[in-house]
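Hey, can you piece these two chains together into the complex? The hints should help.
Chains A and B are the protein sequences, given in the same order.
Here this note's numbering = 1-based position in the first sequence + 109.
Here this note's numbering = 1-based position in the second sequence + 12.
Hints listed in this document are in silico derivations from the structure and should not be mistaken for laboratory results.
C-beta atoms are modelled at their ideal positions from N, C-alpha and C, and glycine is treated no differently.
Don't take every hint at face value.
[Stated by the list, open to error] Calculated Cβ distances over 12 angstroms to all of chain A for the following chain B residues:
no. : residue
1   : Leu89
2   : Pro92
3   : Val138
4   : Val147
5   : Cys150
6   : Arg179
7   : Asp181
[Stated by the list, open to error] Chain A stretches covered by chain B per the calculated footprint, using a threshold of three residues with CB under 8 angstroms from any CB of chain B:
no. : segment
8   : 113-126
9   : 129-135
[What the hints assert, rightly or not] Pairs of lysine to any residue, SDA-like flavour, derived with a Cα cap of 20 angstroms:
no. : chain 1 : residue 1 : chain 2 : residue 2
10  : B       : Lys77     : A       : Glu143
11  : B       : Lys57     : A       : Ile166
12  : B       : Lys57     : A       : Arg172
13  : B       : Lys77     : A       : Ala159
14  : B       : Lys175    : A       : Asn149
15  : B       : Lys122    : B       : Arg179
16  : B       : Lys57     : A       : Arg179
17  : B       : Lys77     : A       : Arg147
18  : B       : Lys88     : B       : Lys57
19  : B       : Lys77     : A       : Thr161
20  : B       : Lys57     : A       : Thr118
21  : B       : Lys57     : A       : Tyr173
22  : B       : Lys77     : A       : Val154
23  : B       : Lys88     : B       : Pro112
24  : B       : Lys141    : B       : Glu110
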Amino acid sequence: MSVRGQGTTLFSAILVLVATTVVLQLWLLTFSMEALLRGNYSTLVPAAIASTVLLAINAGLLRYVFGFDREAQRDLNR
Amino acid sequence: MMNSEFAAIPEKDGCVACGQKDCTQQDFPIEWEGDHYVSRREMVKFLTLGSALLAVANWAAAFGKRFVRRNSSEVKLLGPAKDLERDGYMLFRYPTAESPCIAIRTPEGKFVAYSQVCTHLSCAVVYDKGENQIVCPCHRGVFDVNQGRPVAGPPTRGLPKVKLELRDDQFYATGWEA
Chain A
110 MSVRGQGTTL FSAILVLVAT TVVLQLWLLT FSMEALLRGN YSTLVPAAIA
160 STVLLAINAG LLRYVFGFDR EAQRDLNR
Chain B
13 MMNSEFAAIP EKDGCVACGQ KDCTQQDFPI EWEGDHYVSR REMVKFLTLG
63 SALLAVANWA AAFGKRFVRR NSSEVKLLGP AKDLERDGYM LFRYPTAESP
113 CIAIRTPEGK FVAYSQVCTH LSCAVVYDKG ENQIVCPCHR GVFDVNQGRP
163 VAGPPTRGLP KVKLELRDDQ FYATGWEA
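The following block holds chain B by itself, in its conformation from the complex (with noise of 0.2 angstroms):
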């Protein structure tokens, strides 16, 4: 049945609730063609200012290899070179006590220092004296020891390269190789 209010006004002569034709056009003017107009524009503005962020943050990168911590060339003693025994490794804090390293003698006497945070999920690599190898225990990570590239496993970055110097029989961290 319908109800008495809208019966004196037949549909097809407008909105059954204000009698008007096309009231909707009147709540919502914008034509569908108007409407992809402003979205497209709105989203060409939205994907520039995207673009300006993105140029800005490549910048901030550029400018910010002079905060990463490779650049310490901060001098810190370690202790007597003969401490370190061939095919032995030691345990230092470089250069701040949150940075741990690991310095190894390999087979052939050579010296050579890096950090101790794999570059893949920051776990601790320790030295394999009978593979001559870095690796590390978490996920099966090696690294070549004697440049610190990464040779199996999840790393694709090798181990940051602590710089060494000998004086007068001791062991002195200098900074970070490049």
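Extracted from the complex, chain A is given alone in its bound form (with noise of 0.2 angstroms):
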């Protein structure tokens, strides 16, 4: 398999991850509105630090496809 063949399979892995975390980051912050109107002011900062967390994850994630997508574009000038 060429790297650009398993840079794809690696991308739609990484790919499955990060759409799970935004969906987790969608449910926090629905829930932080909710608790935003009800009144309920000490989860705010917990569920923000949490998409924060979540956030770096995926930083992390998109430094890895970057770095693969480098030595893809190397290996293909060779």
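In structure tokens form, the structure reads like this:
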């Protein structure tokens, strides 16, 4: 299998992980808005922190994708 | 009948227009494998951007609590307490002229006040003296008179409760309960 073929499979798996975390973030935002309107402020900051942690996971995965892409480009140019 | 311009170039030898083999590969030089690779990579980038926006929105909600009207602690005179009979109610505006509220004296003699805006679709709620409950006439939403909690109908959130204070037989609205 070529490097790009491997990359396609790898990116599909990463895409599933990223999509799952984005769905979790959407749920957190919905929960936060509900809490804000209900006047229950104690859960807002923990929800925002959890959302930031999920963003950090996504950013790490994106960094990996960029790194892999650089390797794939180098392989193609060889 | 075949066009004479292309008659000299048999199709099996290449493109009937330019005569070259695999000319479509020159026009579209990206293979399917490369196309899938790029589309998935771009989708990961797009979703990560969406993830960043969602995190920002979550922090905005966390800091937005200070802008919510319920934190108002403005003190406003509502009128003499004796004007509010048992089982009676009065309407007032708090904290601004655009915010209708309702003050109720329950059969037990307790004074309570809530926002008059239904948490379902913003109709004005009214006090049902016979049933001793707050009712939204639009969709038959019912709220508990002592706590403002929804007890029937479509509303899922309680009515925001106004803090009341009695000073020298005068009623004052002093803020919102969390």
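Against the structure, the hints:
1. With a closest Cβ-Cβ approach of about 25 angstroms to chain A, leucine 89 of chain B is found to remain outside the 12 angstroms limit, as its non-interface label requires.
2. Once the 12 angstroms rule is applied to beta carbons, proline 92 of chain B is consistent with being away from chain A; the minimum gap is 30 angstroms.
3. Non-interface status of valine 138 of chain B relative to chain A is upheld: no Cβ of that chain comes within 12 angstroms, the nearest being about 22 angstroms off.
4. Remark: the non-interface label on valine 147 of chain B is consistent with the geometry, its nearest Cβ contact in chain A lying 21 angstroms away (cut-off 12 angstroms).
5. Distance check on cysteine 150 of chain B: its Cβ is at least 19 angstroms (rounded) from any Cβ of chain A, clearing the 12 angstroms threshold; non-interface status holds.
6. The claim that arginine 179 of chain B is not at the interface with chain A holds, since no C-beta of that chain comes within 12 angstroms of its own (minimum 26 angstroms).
7. No Cβ of chain A approaches the Cβ of aspartate 181 of chain B within 12 angstroms, the least distance being about 30 angstroms, so the stated non-interface status holds.
8. Closer than 8 angstroms: that is the beta-carbon criterion, and the segment 113-126 of chain A has 8 residues meeting it against chain B, so the requirement of 3 holds.
9. Remark: the segment 129-135 of chain A is confirmed as covered by chain B, as 4 of its residues place a Cβ nearer than 8 angstroms to a Cβ of that chain, reaching the required three.
10. Only pairs whose Cα atoms come within 20 angstroms are accepted, and lysine 77 of chain B paired with glutamate 143 of chain A is accepted, the gap being roughly 12 angstroms.
11. The straight-line distance between the Cα atoms of lysine 57 of chain B and isoleucine 166 of chain A is roughly 13 angstroms, inside the 20 angstroms bound, and the hint therefore holds.
12. The hinted pair formed by lysine 57 of chain B and arginine 172 of chain A meets the criterion: a straight-line CA distance of about 10 angstroms does not exceed 20 angstroms.
13. Between lysine 77 of chain B and alanine 159 of chain A, the direct Cα distance comes to roughly 18 angstroms. Compliance with the 20 angstroms bound is thereby established for this hinted pair.
14. A threshold of 20 angstroms between alpha carbons decides the hint, and for lysine 175 of chain B with asparagine 149 of chain A the separation of about 17 angstroms falls inside it, so the pair holds.
15. For the suggested pair lysine 122 of chain B and arginine 179 of chain B, the alpha carbons sit about 15 angstroms apart, so the restraint of at most 20 angstroms is met.
16. This hinted pair checks out: lysine 57 of chain B and arginine 179 of chain A have alpha carbons roughly 15 angstroms apart, not beyond 20 angstroms.
17. Straight-line distance between C-alpha atoms of lysine 77 of chain B and arginine 147 of chain A comes to about 11 angstroms, which keeps the hinted pair within the 20 angstroms bound.
18. The straight-line distance between the Cα atoms of lysine 88 of chain B and lysine 57 of chain B is roughly 53 angstroms, outside the 20 angstroms bound, and the hint therefore fails.
19. Pair hint lysine 77 of chain B plus threonine 161 of chain A holds up; C-alpha atoms about 19 angstroms apart against a cutoff of 20 angstroms.
20. A distance of roughly 16 angstroms separates the Cα atoms of lysine 57 of chain B and threonine 118 of chain A; the hinted pair therefore holds under the 20 angstroms criterion.
21. Between lysine 57 of chain B and tyrosine 173 of chain A the alpha-carbon distance is near 11 angstroms, which keeps this suggested pair within the 20 angstroms criterion.
22. Distance restraint check for lysine 77 of chain B and valine 154 of chain A: the Cα-Cα separation of roughly 11 angstroms lies within the 20 angstroms cut-off, and the hinted pair is therefore satisfied.
23. Our distance criterion of 20 angstroms between C-alpha atoms is met by lysine 88 of chain B and proline 112 of chain B, whose separation comes to about 13 angstroms.
24. A distance of roughly 26 angstroms separates the Cα atoms of lysine 141 of chain B and glutamate 110 of chain B; the hinted pair therefore is violated under the 20 angstroms criterion.
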